[in-house]
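Chemist: Sequence:
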Amino acid sequence: MSTTHKGWLLRIAVLAVVVSTFPAYSFSSPCRHTIRLQKFISTPLQQTHNALHIRRRDRLSKTTHSASIASAWTSTTTSTVGYLYMFLLALQFASQPILTQKFAPKTIVKSTYVLAQELVRLVTATSLLLLTGNWQGATRGWNYRVCFTTVGIPAVLYILQNRFSLTAYQHLSPITFNVLNQSKTLSAAIFCFLLLGQSQSKVQMGALALLFLAVFVMEVDLTKWFVSSNQTHENEDEIQRIRMTNAQRREYYLLGVIPVLLASAISGLAGALIQRTLQTRDSLLFSVELACISIGLLAGELLFVRPQESSSTWTTGWSLWTWIPVVTNALGGILVGLVTKYAGAVEKGFALILGMVLSGALQNQLEHEQKRVSLQQWMGGLLAGISLWLHSQFPIQ
1 MSTTHKGWLL RIAVLAVVVS TFPAYSFSSP CRHTIRLQKF ISTPLQQTHN ALHIRRRDRL
61 SKTTHSASIA SAWTSTTTST VGYLYMFLLA LQFASQPILT QKFAPKTIVK STYVLAQELV
121 RLVTATSLLL LTGNWQGATR GWNYRVCFTT VGIPAVLYIL QNRFSLTAYQ HLSPITFNVL
181 NQSKTLSAAI FCFLLLGQSQ SKVQMGALAL LFLAVFVMEV DLTKWFVSSN QTHENEDEIQ
241 RIRMTNAQRR EYYLLGVIPV LLASAISGLA GALIQRTLQT RDSLLFSVEL ACISIGLLAG
301 ELLFVRPQES SSTWTTGWSL WTWIPVVTNA LGGILVGLVT KYAGAVEKGF ALILGMVLSG
361 ALQNQLEHEQ KRVSLQQWMG GLLAGISLWL HSQFPIQ
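In full-length UniProt numbering, the protein residues as written are 1 to 397.
It should be emphasised that the hints constitute simulated quantities derived from the structure, not laboratory data.
What you are looking at is a predicted structure, and each value in this text was computed from that prediction instead of being measured.
Check the hints yourself; a few may be wrong.
[To be verified] If you anchor each label on the Cβ, the simulated ranges turn out as follows:
{"#": "1", "residue 1": "128", "residue 2": "296", "range": "14 to 24 Å"}
{"#": "2", "residue 1": "300", "residue 2": "194", "range": "28 to 38 Å"}
{"#": "3", "residue 1": "140", "residue 2": "375", "range": "18 to 28 Å"}
Glycine included, each C-beta is placed from N, C-alpha and C at the ideal position.
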């Protein structure tokens with residue numbers, strides 16, 4: 001909702017409250033003060049002075065009362081909007097792996113998919129820059145040499161990250177991807193310390209260790225350690241259901257686990273580089289520059305490099321539905337900013353925790369029995385959620 005609309009709604013709400021209390025102001029308070037003052041009125045001049053004093057005091061009282069009403073109304077609205085954005089972020093976080101698996105098949109050429117993501121990023125960032133009226137101020141003194149030297153490396157890193165993420169999306173279950181993807185918090189902490197000298201509090205370091213434990217729980221077959229030899233046939237069938245063949249496990253690690261961990265590591269490195277760059281540059285302009293350079297690199301690849309599969313074309317695997325995960329991925333980045341603005345960084349962590357729970361619930365509802373969430377995956381998700389909460393709740397002082 002625009003600021004103008006909010007202002008009009010605020011005025012209407014204040015006016016409604018003032019009108020509802022108007023009888024009390026017009027009859028109760030003034031009449032009572034007038035009757036009391038009539039005992040001391042001796043001249044018309046004093047009477048006029050006292051009447052003006054009463055009206056001024058009543059007007060000040062009304063203004064103060066209306067301001068308190070407006071303040072309460074605004075804070076309530078902000079809180080409600082913050083919770084709404086938190087829920088939308090959790091829903092996007094939970095549904096993104098499912099939407100990508102559904103509408104971006106493994107046959108799709110990854111360069112075209114990443115190119116579509118960058119096009120959406122360019123349109124979104126440019127629109128926001130124009131709507132906020134910061135275009136002239138942000139582009140004043142712009143230099144293409146500075147642009148290429150500061151944005152070139154992050155652009156290449158983000159192309160690699162998006163490629164690895166798409167591969168992992170296509171080969172991992174939703175909750176597994178979302179939990180393993182949180183290792184970007186660990187990589188961001190490491191690279192921010194190495195490049196920016198930013199330290200972590202003791203609680204945050206403990207949270208990062210807990211996050212590493214969550215990854216361990218998700219990826220190590222604990223049934224080999226904790227299942228006794230006299231297990232019932234029913235439990236043995238359950239164990240076999242969640243275990244994989246050697247070929248499946250090789251594909252799971254090479255095309256699922258390793259890509260998502262590489263994407264998380266690249267995300268941490270790119271985030272540290274961008275954080276240092278944004279200290280002197282406008283964030284929206286930086287997004288526009290990042291998208292433009294990425295589009296140029298990807299377009300060059302599409303022009304001069306043929307698809308790996310001889311039978312594939314650049315449109316292989318594409319349909320109108322493929323734009324759904326592309327757009328929701330862009331909306332996720334916008335929602336992160338809105339949640340941070342209206343709710344706070346700590347509440348953003350809660351939204352991601354809720355998103356992991358929702359991803360498990362959606363996976364159980366939409367996938368067939370063999371791909372439902374196991375107890376081990378729930379444990380890993382719980383540990384990752386606790387880690388996110390601790391890391392955001394106890395920053396270094």
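Chemist: Does each hint fit the structure? Answer for all of them.
Modeler: Here is how each hint holds up against the structure:
One distance hint, 14 to 24 Å for the beta-carbon pair residue 128 and residue 296, holds here, with the actual separation near 21 Å. At roughly 31 Å, the beta carbons of residue 300 and residue 194 sit within the given window of 28 to 38 Å. Under the hint 18 to 28 Å, the C-beta atoms of residue 140 and residue 375, about 57 Å apart, miss the expected range.
Checked against the numbered hints above, the structure violates only hint 3.
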